[in-house]
Amino acid sequence: MSLVEFENVTKEFDGEKVLDGLSFKVEKGEIFCIVGQSGAGKSVTLKHLVRLFVPTSGRVLVDGVDVARASERELWRTRGRIGYLFQSAALLAWMTVADNVALPLRENTALDDAEIEKRTASALAEVELSHAAGKYPPEISGGMQKRAGLARAIVRESDIVLYDEPTSGLDPVTSVTIHRLIRKLNRTRGITSIVVTHDLAGAIAIADRILLIKDGKAAVCLPPAQFLESENPAAKEIVAAMKGDIG
Amino acid sequence: MTVTREPYGGRFAFFAETGFAARLAFAAVLSFPSVFRRRSRGELVRQLYAVCIRTLPVVTVVSLFTGMILALQVGLELRRFNYEIYLGAAVMVSLVREMGPFSCGMCLAACVGSAVAAELAAMKVNDEIAALEIMSISPVRFLAAPRMLALVIASPLLGFFCCVVGTMGGGIVSATQLNVDFGQYIASALSAADTKDLFVGLLKSLVFGFTIGAVAVYEGFGAGYGAAGVGRSTQRSVITGFLLILMFGYMITRVAYR
Ligand SMILES: Nc1ncnc2c1ncn2[C@@H]1O[C@H](COP(=O)(O)OP(=O)(O)OP(=O)(O)O)[C@@H](O)[C@H]1O
Ligand SMILES: [Mg+2]
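In order, the protein sequences belong to chains A and B.
Residue numbers for the first sequence follow the working numbering, beginning at 1 and rising by one.
Residue numbers for the second sequence follow the working numbering, beginning at 1 and rising by one.
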């Protein structure tokens, strides 16, 4: 059984279809990238995995649990396994970056303060943000907030991490660092990663498979090499765009 | 309980929403003890500071003028019958029973309720509430409980403060405009001071504080998307707060003074 399954998911907002029969599966231990144009419904797709949205029809399964119909207890347990980097980073403005990252450990584990501090520091070091530990989120740049959110998403021992545009707003060099980090977490801790991104080149570098969402459906879902060769018009379009082909 | 949800639809949406608000308030009350835990105490102090200190200037001015207006209106009527000596009692009773808790509640709804609703709504729109839930941190315990508890603690204190300041304001007016000696005014006020009135007044303040907190938290968590969502939540929290203060104020009066 796959770890994550979308079965024919349709999502409407006020009668407007954003997802229209979306189906895909993510295997355990995989890096799964989701690409698509702005407004295609990539963030909405991720949010279904943790019941921030409920499908209008269809099912979303996480390790066999039907998320939309799960009991509160099952839902909390499923969410507890998942680390989530939000597109907006979603840091708490009144806490320092370090406190934000330490928050899931402080609130949910019995670790002592020294251990929490150690893990926080190492998560911040992974995203190259040690120097900003004492700053407040509104004082740092968007890219730094993104990385702080990423540190918070990985500080807990989750086995699934959802990244919503981890590299948007970052310079190319830092982007590569983040891509390396995602791959490292995947290789060393076996974290299943679902990465939503605009950056097809980045996706090709790290993904085991790439899903392209078009018109609320899965247009293609292929490993990077085959994705580049795909004859699907939507895939051809985005590949051409990546190559800087403006016709 | 989970607070990230989509709005209820259908014909019975109003009742479903009201039920959700009630469950939210109840869940917050159940989390009140956790606010005193070592790691959460700082947040309570921060919220108490926000509620008490920041609203103090407004509350002072509002209650001072409430007392002055009361004294002037009542005093002018009493003077027609030469009963000015009872002015202190009249002002005191109306302040303690009604106007103190009421004007304090209005101030809190406008200053604190709106701020709490706006803060939580902005967090909702920015996915911060969702992020908390996914980190298995209950927004009810982490955000709602300290804010509501701060209001519940501060509201009776501020309500009492309103009564004191209002009575003083009335005294100033009676001495300067109505030729009632300040000492005589105070003596009359104290003679009318009644424990039952005080308790009912404090109870009202407590209920108002709780109501304002519950409404603000409900509106904040339920905010719709975008900056417009934040504005709408803030506005609705103030309007609903005002209406509920009036209604609950009437009901408590009705039950307490039959
Ligand atoms: N809470 C909501 N209520 C109503 N409509 C929504 C809501 N959230 C998203 N949408 C709509 O769903 C569509 C897809 O949004 P989504 O945020 O998933 O796009 P996206 O693919 O992540 O785009 P981007 O790359 O710009 O982040 C948009 O048209 C948006 O208006
Ligand atoms: Mg998005």
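If you are wondering where the hints come from, they were derived from the structure by calculation, not from laboratory data.
It is possible that part of the hints are untrue.
What the hints assert, rightly or not - Restraint ranges, calculated between C-beta atoms of paired labels, are given here:
#1 Arg5(B) / Glu27(A): 27 to 35 Å
#2 Ala193(B) / Phe13(A): 53 to 61 Å
#3 Val176(A) / Gly19(B): 48 to 56 Å
#4 Lys28(A) / Gly229(B): 31 to 39 Å
What you are looking at is a predicted structure, and each value in this text was computed from that prediction instead of being measured.
Quick reminder that beta carbons are idealized off the backbone N, C-alpha and C, glycines included.
For each hint, the structure was consulted:
no.: 1; hint: Arg5(B) / Glu27(A): 27 to 35 Å; in the structure: holds (30 Å)
no.: 2; hint: Ala193(B) / Phe13(A): 53 to 61 Å; in the structure: holds (58 Å)
no.: 3; hint: Val176(A) / Gly19(B): 48 to 56 Å; in the structure: holds (51 Å)
no.: 4; hint: Lys28(A) / Gly229(B): 31 to 39 Å; in the structure: holds (37 Å)
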